[in-house]
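Protein chains: 2
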Amino acid sequence: MKKVKIALLGLGNVAKGVLSIIRENKEQIVKRSGYEVEIAKILVRDVKKDRGVEVPTEILTTSYEEILNDNEIKIVVEVMGGIEPAKEYIIKAMEAKKQIVTANKMLLATCGDEVFEKADEMGVSFQYEASVAGGIPIINGISQSLTANKINTLYGIINGTTNYILSKMELENLNFEDVLKEAQDKGYAEADPTSDIEGYDAQYKLVILSSLAFGTKIKPEHVYREGITKINSIDMEYASSFGMVIKLLAIAKEENGELELRVHPTMIPETHPLANVYDSFNAVFINGNAVGDMMFYGRGAGSLPTGSAVVSDIIWILRNNVEVENMQPVVKNNLWEMNIKDLKDIESRYYLRITVSDKPGVLGQITTIFGANKVSLKSVIQKGVKQEENIDVTLVLITHSTTEGLIMDSIERLYDLKTVKSIDNIIRIEDFR
Amino acid sequence: MKKVKIALLGLGNVAKGVLSIIRENKEQIVKRSGYEVEIAKILVRDVKKDRGVEVPTEILTTSYEEILNDNEIKIVVEVMGGIEPAKEYIIKAMEAKKQIVTANKMLLATCGDEVFEKADEMGVSFQYEASVAGGIPIINGISQSLTANKINTLYGIINGTTNYILSKMELENLNFEDVLKEAQDKGYAEADPTSDIEGYDAQYKLVILSSLAFGTKIKPEHVYREGITKINSIDMEYASSFGMVIKLLAIAKEENGELELRVHPTMIPETHPLANVYDSFNAVFINGNAVGDMMFYGRGAGSLPTGSAVVSDIIWILRNNVEVENMQPVVKNNLWEMNIKDLKDIESRYYLRITVSDKPGVLGQITTIFGANKVSLKSVIQKGVKQEENIDVTLVLITHSTTEGLIMDSIERLYDLKTVKSIDNIIRIEDFR
Ligand SMILES: NC(=O)c1ccc[n+]([C@@H]2O[C@H](COP(=O)([O-])OP(=O)(O)OC[C@H]3O[C@@H](n4cnc5c(N)ncnc54)[C@H](OP(=O)(O)O)[C@@H]3O)[C@@H](O)[C@H]2O)c1
Ligand SMILES: NC(=O)c1ccc[n+]([C@@H]2O[C@H](COP(=O)([O-])OP(=O)(O)OC[C@H]3O[C@@H](n4cnc5c(N)ncnc54)[C@H](OP(=O)(O)O)[C@@H]3O)[C@@H](O)[C@H]2O)c1
Numbered sequence: 001m002k003k004v005k006i007a008l009l010g011l012g013n014v015a016k017g018v019l020s021i022i023r024e025n026k027e028q029i030v031k032r033s034g035y036e037v038e039i040a041k042i043l044v045r046d047v048k049k050d051r052g053v054e055v056p057t058e059i060l061t062t063s064y065e066e067i068l069n070d071n072e073i074k075i076v077v078e079v080m081g082g083i084e085p086a087k088e089y090i091i092k093a094m095e096a097k098k099q100i101v102t103a104n105k106m107l108l109a110t111c112g113d114e115v116f117e118k119a120d121e122m123g124v125s126f127q128y129e130a131s132v133a134g135g136i137p138i139i140n141g142i143s144q145s146l147t148a149n150k151i152n153t154l155y156g157i158i159n160g161t162t163n164y165i166l167s168k169m170e171l172e173n174l175n176f177e178d179v180l181k182e183a184q185d186k187g188y189a190e191a192d193p194t195s196d197i198e199g200y201d202a203q204y205k206l207v208i209l210s211s212l213a214f215g216t217k218i219k220p221e222h223v224y225r226e227g228i229t230k231i232n233s234i235d236m237e238y239a240s241s242f243g244m245v246i247k248l249l250a251i252a253k254e255e256n257g258e259l260e261l262r263v264h265p266t267m268i269p270e271t272h273p274l275a276n277v278y279d280s281f282n283a284v285f286i287n288g289n290a291v292g293d294m295m296f297y298g299r300g301a302g303s304l305p306t307g308s309a310v311v312s313d314i315i316w317i318l319r320n321n322v323e324v325e326n327m328q329p330v331v332k333n334n335l336w337e338m339n340i341k342d343l344k345d346i347e348s349r350y351y352l353r354i355t356v357s358d359k360p361g362v363l364g365q366i367t368t369i370f371g372a373n374k375v376s377l378k379s380v381i382q383k384g385v386k387q388e389e390n391i392d393v394t395l396v397l398i399t400h401s402t403t404e405g406l407i408m409d410s411i412e413r414l415y416d417l418k419t420v421k422s423i424d425n426i427i428r429i430e431d432f433r
Numbered sequence: 001m002k003k004v005k006i007a008l009l010g011l012g013n014v015a016k017g018v019l020s021i022i023r024e025n026k027e028q029i030v031k032r033s034g035y036e037v038e039i040a041k042i043l044v045r046d047v048k049k050d051r052g053v054e055v056p057t058e059i060l061t062t063s064y065e066e067i068l069n070d071n072e073i074k075i076v077v078e079v080m081g082g083i084e085p086a087k088e089y090i091i092k093a094m095e096a097k098k099q100i101v102t103a104n105k106m107l108l109a110t111c112g113d114e115v116f117e118k119a120d121e122m123g124v125s126f127q128y129e130a131s132v133a134g135g136i137p138i139i140n141g142i143s144q145s146l147t148a149n150k151i152n153t154l155y156g157i158i159n160g161t162t163n164y165i166l167s168k169m170e171l172e173n174l175n176f177e178d179v180l181k182e183a184q185d186k187g188y189a190e191a192d193p194t195s196d197i198e199g200y201d202a203q204y205k206l207v208i209l210s211s212l213a214f215g216t217k218i219k220p221e222h223v224y225r226e227g228i229t230k231i232n233s234i235d236m237e238y239a240s241s242f243g244m245v246i247k248l249l250a251i252a253k254e255e256n257g258e259l260e261l262r263v264h265p266t267m268i269p270e271t272h273p274l275a276n277v278y279d280s281f282n283a284v285f286i287n288g289n290a291v292g293d294m295m296f297y298g299r300g301a302g303s304l305p306t307g308s309a310v311v312s313d314i315i316w317i318l319r320n321n322v323e324v325e326n327m328q329p330v331v332k333n334n335l336w337e338m339n340i341k342d343l344k345d346i347e348s349r350y351y352l353r354i355t356v357s358d359k360p361g362v363l364g365q366i367t368t369i370f371g372a373n374k375v376s377l378k379s380v381i382q383k384g385v386k387q388e389e390n391i392d393v394t395l396v397l398i399t400h401s402t403t404e405g406l407i408m409d410s411i412e413r414l415y416d417l418k419t420v421k422s423i424d425n426i427i428r429i430e431d432f433r
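First to last, the protein sequences are chains A and B.
When you line the first sequence up against full-length UniProt numbering, it's residues 1 to 433, in that order.
When you line the second sequence up against full-length UniProt numbering, it's residues 1 to 433, in that order.
Chain A with its partners taken away, still in its complex shape (with noise of 0.2 Å):
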C-alpha cells in the first residue's frame, strides 16, 4: 500500500471534520485513491489548547516551517482561514512543490489571482471545492462538467446562517433580532455575526463561484451587497401574501459580455425550486445555453460537509497528480474580459413598503412620482395601522420591471413627498426570466 503525508493548517471546525473523516473512511480513502494517509503535522497557535478532538501531540506543531521542510508531506490542507499568514503559507508550500487543498473563500475572493498564478508557475495543483457551499461539488460542477456551456445565469443560496434566520422567521412568524439571537446560542450563528448577515460571506463565494462561471477576473467590489438585517417578518407576511418567499441570493448574470453581480434579500416565487430551500442547506442553481436548468443542493457548511469537498479534494490529487506536474490548467478566470454593469442599470421587480399619512390624495401623489419615472405598478396593497393619535397606513407596492436607477430616483423623490413618513423597505422580485 502506497503511503502520503499531509499537513493541516488549523485545527478548527473545518480540520477537525477532515481528521474524523480520514479515520472514519479510511478504507474509502485507500481504495479509492490508492494511498493511506497520514496526518503527519497539525499547525495550531498553541499546541496546549483542549480541541476536544484527540490528536497525538507530537504531530502538533507552531513552526510552519517544519512542515514546509519535510519533503515528504506533499499535500498541504489549508483550514486556518484569513489572509495572512494564510497567503504567505500556501505560495510558500506551492514553492516547494506541495500540493494545496484549502477551504478559504476570503482569500480566493480577495488575493485568489496571486495563488493561483503561483500554483501554474509551480505546477502544482491547487484546489478549492471547500470554500464555496461545503460539501456540495459546485466548484467542480462548474469548473469540470458545465464547461461546454455558456453560463446565462447563477443564482446562489450560499450562506447557511442567513438562510437558518430567514427560514425561522418565514415558517415560525419570528423576528430577526429573536431568530439571530437564537442561533447565536446554539452555536449555529458567529458571535460576531456581520459576515454573515451583511451578506460579506455570500459576496466572497460568488465571486469565486462567477469568476469560474464566466471565465473573468471579479473582484469583491464588484458584487453589490446588502444584508438581511433590514427584513421584517412583515416582509415574510405580505412576499407569502404573493406567493413568495424571501431569500438571501446571490446573483450573477451575463449578457453581450456585461456582467451583473449582486447579494441581497430577494423575493422569489414559491414554486421555484429555490424557494424549498429551508434551514442550513445551500443550492445553485444555474442556466447553461445547453443544459438548461439545474440545480446543486446540500450542506453549505459544518465540519463533516466542508470535511468532505477538502477530503474528496485531497483524493483528486492523490489520484491524479501527487507525484508530477499538474496538467489541469488552474487559472481559469482571465479567459474573457467583461464589462461589470452598474447597479443603477440593473432591472428587476420590486416591493416597496412605505408608510404614509391617511390623507386623501396620498396613493395619487405617490403613483404621480412612478409614474414621472416610467415605472408601472403591478399592484398596491394599503393597510391601516394607528400610530400616536395619527393615522398612518402602510403602502405595499409591486412594481412592474424596472431599473434600479428608475426606483431609486423615484424613492428619492418620495422622500420630497410631506405625506410620506418613512420607506419602510425595499425588497428586489427576482422571476428567473
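Hints were generated in silico from the structure; no laboratory data involved.
Any given hint could turn out to be false.
The list treats identical chains as one, so a pair stands whether inside a single copy or across any two.
Derived DSSO-like pairs (lysine-lysine); straight-line CA-CA distance at most 30 Å [claimed, not checked]:
#, residue 1, residue 2
1, 16, 253
2, 253, 359
3, 150, 5
4, 74, 150
5, 219, 31
6, 48, 344
7, 332, 2
8, 332, 186
9, 332, 5
10, 332, 74
11, 26, 374
12, 421, 31
13, 49, 92
14, 230, 186
Given chain A's structure and the hints, the job is docking chain B with the ligands onto it.
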C-alpha cells in the same frame, strides 16, 4: 491554436445536440479546452437520409474503418446506442488509442466491465457523464467530488418520460393511458415506450450510478424493477390525501456490505426535495456519511442537455490527456464485494388498495391476516363503490414499516378470502430514514 479532430458515431438526437453546441459555443470550447474541435467524420447507416441538420456530406460515412484508420481522429464519440456494433466500435477505437466519450447507458449497464477493462489496458479515457441524467453531472459528482464519503443511500428520478407522465397525472388529474398517448403525440415518449414506462431505462441508469457510488459490480438483474403502468389517478388522489406524491424512484441503499437495489413507483412525502421534481426534470438525492443529504437536479434528457454532458467530457479529455496515457483509474466498480439483498428482506411501508364485498366482518378478517404476519396498519380508509348490483368497497391500507416478504405473504392469504375481490394496487412508501 491547437486543433483536434473527433468523430461521432451516430447522427441522432444526442449527436445533433453535440454538433449544435460545438458550433454555437465554439469560443467557450476553445478557451476552456485550449483546442479547436473539428468534427471530421460522422458514422451513419444511410448518408442520404434527411436528418434536419446541416452537415457537409463529405464528413458522413457508413464505414467505421474510415474513422478507425484515421490517425488524426483522437476522440470517438459514441452516440448511436444499442449494444452491438457500439461495443465493438468502442473497443476497436480504444485499441487504436483513441479516447472515448459515450452516452450509452444500455451498453454500460450490461457490459460496462469489458469496456472499462479495455480502457484501463489501453490507457485511454472513457467518459460517460451523458449516460445518466443527461446534463446533470452526477457521474462526475459521485466519482470525483463525493469520494471522501461512504454513500449510505441514493434515490433518483432518472427517467424523464415517466416523471413527465406521473407529473401530468398528478397535477391535471389524468389517467395513465391518456397522458402516455399525449406524450407520444408530442414526441416526449417513444412509439414503443416499454423501456421507459416499464422501468428498464431507470434500471440501467441505477446500475451505472450504484456501481460507482458503492464501488462494486452490479448487473441489471440485481435491480428489482417495476414500471408505472399500474398507477391510477385514484392512487394519486389517495397519496395526496396522505401528504404524499408518487414518483418512479430508483433506490439504492447500503448497510453492512449488503445492497438493496430497486426501481418502482414510490410514494414519498410531498415535503421531500424529490417531490418537487416535476415534468421531465431528473434529480438524484444522495446521503453520504460525511456530506449528509445532497441533491443534483436538472434536465435528464434531450438533445442539448445530453450534448452538454458529452461536450464537457470532450473538453475534460482535451484538458487532461488527449495526447497522453490516461492517469485516472477508470475501473472503480471492483473495490468492494457486496451482497445483493433479497427483495423479500427489504423494509418499507406499503400502500394497498383493495376491493372487497361490503359484508360484516371483512375488515376484521383482513386485519387478522396482517396481524398474523406481524404487519401493523397505520391507517385504513374505506370508500363505497357500487359495481354491477353488488356493493363493493374500496379499502386503502397504509402499513407501518415491515418487510416485502411479510407483505407478499399477507397478500397471498388475502386472495384466499372470498370477500376480497381484487388487490388493485400495492405501492411502496419511502420515508428517507
Ligand atoms: N466552518 C465551516 O463550516 C466552513 C465551511 C466552508 C469553509 N470554511 C473555511 O474554512 C476555514 C477554516 O474554518 P473553521 O471554521 O475551521 O475555522 P476555526 O474553527 O476558527 O479554526 C481555525 C483554526 O486555524 C488555526 N489558526 C488560525 N490562525 C492561525 C495561525 N496564524 N497559525 C496557526 N494556526 C492558526 C486556529 O488555531 P487555534 O486552534 O490554535 O486557535 C484554529 O485551529 C476558513 O477559511 C473558513 O472560511 C469553513
Ligand atoms: N436522447 C436522449 O435524450 C438521450 C439522453 C441520454 C443518453 N442517450 C443515449 O444516447 C445514445 C443515442 O441516443 P439518441 O437519442 O441520439 O438516438 P437516435 O436519435 O436514435 O440516433 C441514433 C443514431 O445512431 C445511428 N446508428 C444507429 N445504429 C447504427 C449503426 N449500426 N451504424 C451506423 N449508425 C448507426 C443512427 O443512424 P441513422 O440516422 O442512419 O438511422 C442515428 O443517427 C443512446 O445510447 C441513448 O441511450 C440519449
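*Which hints from the list above does the structure break, by number from lowest to highest?*
Of the numbered hints, 2, 6, 8, 11 and 12 do not hold.
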